[in-house]
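Enquirer: Take these sequences, add in the hints, and give me the full structure.
Top to bottom, those sequences are chains H and L. Residues 1 to 374 in my numbering are what the first sequence spells out, letter by letter. Residues 1 to 318 in my numbering are what the second sequence spells out, letter by letter.
Treat each hint with caution, since some may be false.
Calculated lysine-lysine pairs in the DSSO-like style (CA-CA distance at most 27 Å, straight line) [unchecked claim]: (1) L:220 / L:206; (2) L:220 / H:131; (3) L:220 / H:67; (4) L:206 / H:79; (5) L:220 / H:123; (6) H:79 / L:263.
If you want a taste of the chain H side facing chain L, the calculated C-beta under 8 Å gives, among others [what the hints assert, rightly or not]: (7) 51; (8) 55; (9) 57; (10) 87; (11) 104; (12) 105; (13) 120; (14) 168.
Simulated from the structure, these hints should not be mistaken for lab results. Nothing here was measured: the structure is a model prediction, and the numbers come from that model. Cβ atoms here follow ideal geometry from the backbone N, Cα and C, with glycine treated the same way.
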Amino acid sequence: MPELLAVRDLHTQFFTRDGVVRAVDGVSFELAAGETLGLVGESGCGKTVTALSLMRLIPMPPGRIVKGAIMFDGQDVLKMDDDEVRGIRGNNIAMIFQDPMTSLNPVLTISRQISEALELHLKMDRSEARKRTIELLELVGIPSAKKRVDDYPHQFSGGMRQRVMIAMALSCNPKLILADEPTTALDVTIQAQILELLKGLAKEFRTAFILITHDLGVVAGMTQRIHVMYGGKIVEKADTGELFANPKMPYTWGLLRSIPRLDEHRKSKLLPIEGLPPDLIAPPPGCRFEPRCQYRRDICREQEPELKHIPNAKSDHEARCWGTQEGGWLVTTDWRREIGDTRVLEEIKQEVAQLPAEAVRAAEAETPPPPPTP
Amino acid sequence: MATITTSPGQTRALELNILARKQRSLWRDAWFRLRRNRAAMVGLGVVAVFVVIAILAPFLAPRDPIQQTTANALADPFWGSPQYTNPEYPLGSDQLGRDILSRLIWSTRVSLWVGFIPVSLIFLIGVSVGMLAGYNGGWVDNLLMRITDVIYAFPDLLFLFIIMAMLRNTAAGNLGGGLVLMFVAIALVNWVGMARLVRGQVLSLKEREFIEAARAIGAKPRRIMVRHLFPNVLAPVIVSVAFGIPSAMLAEATLSFFGIGIKPPTPTWGVMINEGFVVFSTTPWPVLLPALCISIVMLAFTFVGDGLRDALDPRMKT
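Expert: Structure, rendered in structure tokens:
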């Protein structure tokens, strides 16, 4: 399949008073036309910044894309002038935002908001755009779309608004859709509906999409490939099936352990990943996950591992870990059984306890709020 | 919980209520609330009456407002002692024998012009500057806001006095009997409040996700400002405009009272008070009547402004 998107060594940084935040630090990946990719990681790992960089929507200042290339359809997005980028936004790459409650303009009707992209990129006139808007709303499953086009966002429920956002994203038939935590703000039943809709439409229109989430459960049935991000870097790349069957990075293990499972024994506890994501102003010198890793050894602190192919795994499965690479001490570890060195775990817990209270509070504030009850 | 029984008629009404609610846009909603505010509606009515008077001034005024008939000077209004009244001058005459009623009617014109035109200018300048500064940020914001700060720091009335006193006797001061200079002066002094208001609104709005969403569909900055930001700042701007109109009128009256506003013989309420002041101790009516007019119009606009603020303030919404 021809390559649609190739990101090479992307560095996006924010220049703040406290120092340079390396939000995205050397991310590279490819995406074929029609391919679906999941970008997974905790809050503050650079997932959203990666997505925004693709459309050059990073607020500048303080942000800046320092290095790298983003080849979209054979052209480097980073070398385009503002007009060319605007021609791509919404037209070739569309974005679905996290919170449908705030990403629609409260004083404009639904019809005007969806029509805008159509008028802008496809040069439709008002009545054509309106007709197409009604079609789009029907497509995303809004009942009596004809009556509801002239409604305002506050007259729609959360799930409905996210459907409107999807209709907006689809309006110009883009080649790539970036969905940034599209279901985080919704309750679980609506989540499933929205994901189902997104999946179905992407298939129907052969649209490639990148699904950004902190929830491995969300991407499980949705995407062909998964990239796990941690501390501004990709730490594991694999096919979705392969990643769940044979994960190769202790961070991924941690994420998997923190998902509740139906087939697990009732009394068994969820194992959280102790500690906080790294400070991206002064990241750890070695492996970024080392301070929280129960399997760590001295080399992890001293030297940063590279993203490398993993033995006993499929050919395109890569991980950034000294332990699971050729000759590492974790190659044959069964992550479900061996939870690592308990002494190290205690050490980590103690280190966490000593963290200044503000740091913990700040990190907690960043985690998304629980979904509102319907 | 007790069960609520409803008659078929009530159920129907409930349904209708829900249906009616669906059709209502934000603006219609605000209009609905405004209509239920009695003071605002009275204010609006009074303003409408004055607008009609201003438009029909040539037909309503019984006499020429600037024609002097010294023989009939200082007649009392019709309720005064009969020996001093003159049936041809229902509200009396001033010391030069001009008909006060006619002068009051013609003054309405000037006052409303002074109310609306400078406020339109303030609206244009203030909203543009506020949006550009707020949306662009950086040096644009810095430059525009420093200019704004300088003007803001200057006492309003003093600034007006300086402009009027300096330019009143030049060619610019003679355009339209001094009206044009008055418009420009009031606008120049007062746009800063509007600019600050709009900038503050834009600063908080532009961080909202729907603006990011608009950028994500490839909208240009101008389009984002006009189509996405402008409707969102409109509510506080309308309120500010409603309060700006009476304050512009008052500024005109003040300047004219001090003798540096509209040039005589054009009648305005401020000019009338100024001229009537000379004879205030013997005949107070030439001062009191225009002062009454100013008060009524100011009060009416303030009622409308209050009503608009209540109707448009999102915190009042239930």
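Enquirer: Evaluate each hint against the coordinates.
Expert: Evaluation of the provided hints:
Proximity of residue 220 of chain L to residue 206 of chain L is assessed by CA-CA distance (about 14 Å); at most 27 Å being required, the pair is judged to hold. A C-alpha spacing of about 24 Å is found between residue 220 of chain L and residue 131 of chain H, which places the hinted pair at or below 27 Å, so the restraint holds. Of the pairs offered as hints, the one joining residue 220 of chain L and residue 67 of chain H holds, with about 25 Å between alpha carbons and a cut-off of 27 Å not exceeded. The hinted pair formed by residue 206 of chain L and residue 79 of chain H meets the criterion: a straight-line CA distance of about 26 Å does not exceed 27 Å.
For the given pair, residue 220 of chain L sits about 15 Å from residue 123 of chain H by alpha-carbon distance, which is consistent with the 27 Å threshold. Among the hinted pairs, residue 79 of chain H with residue 263 of chain L is inconsistent with the structure: their alpha-carbon atoms are about 62 Å apart, more than 27 Å. Contact between residue 51 of chain H and chain L, as hinted, is not supported at the beta carbon level, the nearest pair being about 10 Å apart and thus beyond 8 Å. Using the Cβ-Cβ criterion of 8 Å, the hint placing residue 55 of chain H at the interface with chain L is satisfied: the shortest such distance is roughly 6 Å.
For residue 57 of chain H, the suggested interface contact is upheld, since its CB lies about 6 Å from the closest CB of chain L, less than 8 Å. Taking 8 Å as the C-beta contact cut-off toward chain L, the hint placing residue 87 of chain H at the interface holds, the least distance being around 7 Å. Of the supplied interface hints, the one on residue 104 of chain H holds, with its beta-carbon coming within about 6 Å of a beta-carbon of chain L, less than 8 Å. This hint holds: residue 105 of chain H has a C-beta 4 Å from the nearest C-beta of chain L, less than the 8 Å allowed.
The restraint placing residue 120 of chain H at the interface with chain L holds, with a minimum CB-CB distance near 6 Å, inside the 8 Å limit. The beta carbon of residue 168 of chain H comes within 7 Å of a beta carbon in chain L, closer than 8 Å, and the hint placing it at the interface holds.
Comparing the model with each numbered hint stated earlier shows that hints 6 and 7 do not hold.
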